[in-house]
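Model the full structure from these sequences, guided by the hints.
Number of protein chains: 2
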Amino acid sequence: MNNKKLLIVGTMAFDEIITPNIASGKILGGAATYIGMAAAYSKAEVAIVSVVGNDFPDKYMACLRDRNIDLSGVEQQSEGVTFYWKGKYHKNMNKRDTLETQLNVLANFNPKVPHHFKDAQTVILGNLDPNVQQQVLDQLAPNPNRIVLLDTMNFWMDIQLNKLLAVIKQVDIITINDEEAIQLSGKNNLVQAAAAIHAMGPAYVIIKKGEHGALLFHKEGPFYAPALPLEEVIDPTGAGDSFAGGLSGYLATQTNSTVTEIKEGILLGTAAASICVSGLGTKALQDTNTEGFYRQLKKLEQLRSVK
Amino acid sequence: MNNKKLLIVGTMAFDEIITPNIASGKILGGAATYIGMAAAYSKAEVAIVSVVGNDFPDKYMACLRDRNIDLSGVEQQSEGVTFYWKGKYHKNMNKRDTLETQLNVLANFNPKVPHHFKDAQTVILGNLDPNVQQQVLDQLAPNPNRIVLLDTMNFWMDIQLNKLLAVIKQVDIITINDEEAIQLSGKNNLVQAAAAIHAMGPAYVIIKKGEHGALLFHKEGPFYAPALPLEEVIDPTGAGDSFAGGLSGYLATQTNSTVTEIKEGILLGTAAASICVSGLGTKALQDTNTEGFYRQLKKLEQLRSVK
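First to last, the sequence lines map onto chains R and F.
This note's numbering numbers the first residue of the first sequence as 4 and each following residue consecutively.
This note's numbering numbers the first residue of the second sequence as 4 and each following residue consecutively.
Don't read these hints as lab results, they were simulated from the structure.
Glycine residues also receive a C-beta, built at the ideal position from the N, C-alpha and C atoms.
You may find that some hints are simply not true.
Claimed, not checked - In the PhoX-like style, the derived pairs of lysine-lysine whose C-alpha atoms are separated by at most 25 Å in a straight line are: (1) LYS212(R) / LYS172(F); (2) LYS94(F) / LYS190(R); (3) LYS286(R) / LYS212(R); (4) LYS94(R) / LYS266(R); (5) LYS98(F) / LYS172(F); (6) LYS266(R) / LYS212(F); (7) LYS98(R) / LYS172(F); (8) LYS302(F) / LYS212(F); (9) LYS310(R) / LYS286(R); (10) LYS302(R) / LYS266(F); (11) LYS222(F) / LYS46(R); (12) LYS302(F) / LYS222(R).
As the list claims (entries may be wrong) - Just a few of them, taken from the derived set where beta-carbon distance is under 10 Å, the chain F residues facing chain R: (13) HIS93; (14) ASN95; (15) GLY189; (16) GLY216; (17) LEU218; (18) PHE220; (19) GLU223; (20) PRO225; (21) PHE226; (22) TYR227; (23) GLU235; (24) ILE237; (25) THR256; (26) GLN305; (27) LYS310.
Quick look at the structure:
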């Protein structure tokens, strides 16, 4: 059974972002938001499972609904306020410090997968508590063609490692950045780290290296997708989520997810990430239409092409 | 007039290398040595212009001569000893400290280009004093098809910037690492840095990013060549020189040096660099035959290939 459904679980948030040049104030953020917006460039049917508070503006919901994203799995709690994250980037923007995290409604979040997305062919577990990721997996109906992707970060390795490992065991594709791959594996070399993570379960290990691109490790050998060189990075927030969104949105539209589709998906994810970082928060993703997205993909092909 | 001659000017040296796992003792090193060995994988006619002292062993000369490298431009001074460099790598091997540099015979080196290489179609000015690089350029016979490559480093920017800029103005291709591109250009972004360096003269600006590959910037847009992911790096010494050697050796064998040949050459340079770092000093280059070199190039093609 093939369908084009992409189920996303992840945070929806207020972000407050400080770069060397900009202080954003409270803006729309969250892993599921970025993943959804990036996945919306595909022809997948996209749904988000998340939670927001009573302070979450309708216009933010509309931003996602306008992209045909199904929000029936987004719980709006009448009591409690939305997850809030504040971060500050260093001068070179490859490093950032978290200044504040308020879990708020996320603290007691029990995800509910909408009935009509329980058979989703493609599922992406965005970066959040692995217990919530597991609850989503537990609600799915069987689908032998299903591909499950996982994105995570060091925070969950620090405080929920065993639960995270249990989730990792059940996924097909993991996306993780280079430092986190080293932390998770205990290896000091990416080839060795990928092999160790592969042994934890995922057939495909994708290591995100920011401006240096992404490396896919799988049994047939590695694949490398470069990042587009950009004259200016406005705000790196959400780049990894956008990458995962572009990738998972593409996979949801494919009949098969062999290594070739996964490589193609990585290129689409790279294009989405390059759009994301060229604006503050979700602005560039909001301002770039499908045509603009494919222009970015074309630039990436030229970057890779010898002829 | 086309010929397959590659003229290399650069250091020949004793290196002493300390990695987290190895202390090499005094071994064969120097930019021209690495460039020559890497270029020898091509079918170019290779010659080195350099200087060594009375302590330079015949077996080291034989290492190069065995690869059909013309050493008639290598002056062996009967008084004085060979250039010596001692460096220590940090734990992650992307950083190193120079512990000692003894210029010795390099201090008063007047390069002499062998008569039969004055018409070389391809010339590479390896990393050394820009005054010496200029002296080599001054001795060349005209060749309208000539391609001149330059490799340099921060040391010469610090102490000979004006002379270096004068040489840069005369070359077609510059290879430089990311930090040095930022230093040379005064820009904090590689796209902007490449544009600034392009304006200094070279039509092609190649920025070496070590384990993250290499970026070519030219008027038709950027090209990216990834580095091969390696399970273990034994010794990064000479990787940049080997890259320049693989590239320049390939260009010397081509009738034209359009952007396509330069991109192809970058891939060959990448293959040579990946061999270089898999052994201590020049050992892996010495131990790897042409067949092994093309196996490495094949791996690189697979790394880049979607299908």
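**Study point:** Status of the hint placing GLU223(F) at chain R (closest C-beta pair under 10 Å)
**Key:** Since chain R brings a Cβ to about 8 Å from GLU223(F), closer than 10 Å, the hint holds.
Practice item. Below or equal to 25 Å on CA atoms is what counts here, so check LYS286(R) against LYS212(R). Key: holds (23 Å)
Review point. Holds or violated: is there a CB of chain R closer than 10 Å to the CB of ILE237(F)?
Key: At about 12 Å, which exceeds the 10 Å cut-off, the nearest Cβ of chain R leaves the hint on ILE237(F) violated.
Practice item. For the pair supplied as a hint, LYS266(R) and LYS212(F), confirm whether the alpha-carbon distance does not exceed 25 Å. Key: Judged against 25 Å, a Cα distance of about 23 Å means the pair holds.
Point to revise | chain R contact restraint on LYS310(F) - CB to CB distance below 10 Å | key: Result: holds, 6 Å to nearest chain R Cβ.
Review point. Holds or violated: is the Cβ of TYR227(F) closer than 10 Å to a Cβ in chain R?
Key: holds (4 Å)
Review point. Hey, does the GLN305(F) contact hint survive, CB to chain R under 10 Å?
Key: Constraint on GLN305(F) satisfied, holds at 6 Å.
Check your understanding: Is the Cα-Cα distance between LYS212(R) and LYS172(F) 25 Å or less?
Key -> Cα-Cα ~34 Å, so violated.
Review point. If you draw a straight line from the CA of LYS302(F) to the CA of LYS222(R), is it 25 Å or shorter?
Key: holds (14 Å)
Check your understanding: Given the hinted pair LYS222(F) and LYS46(R), is their alpha-carbon gap at most 25 Å?
Key -> Given that 25 Å is the threshold and the Cα spacing comes to 35 Å, the pair is violated.
**Study point:** Pair hint outcome, LYS94(R) versus LYS266(R) [Cα-Cα no greater than 25 Å]
**Key:** violated (32 Å)
Practice item. Go through the hint on GLY189(F) and say holds or violated, using the shortest Cβ distance to chain R against 10 Å. Key: violated (15 Å)
In the structure shown, a violation is registered for the earlier hints numbered 1, 4, 5, 7, 9, 11, 13, 15, 24 and 25, in ascending order.
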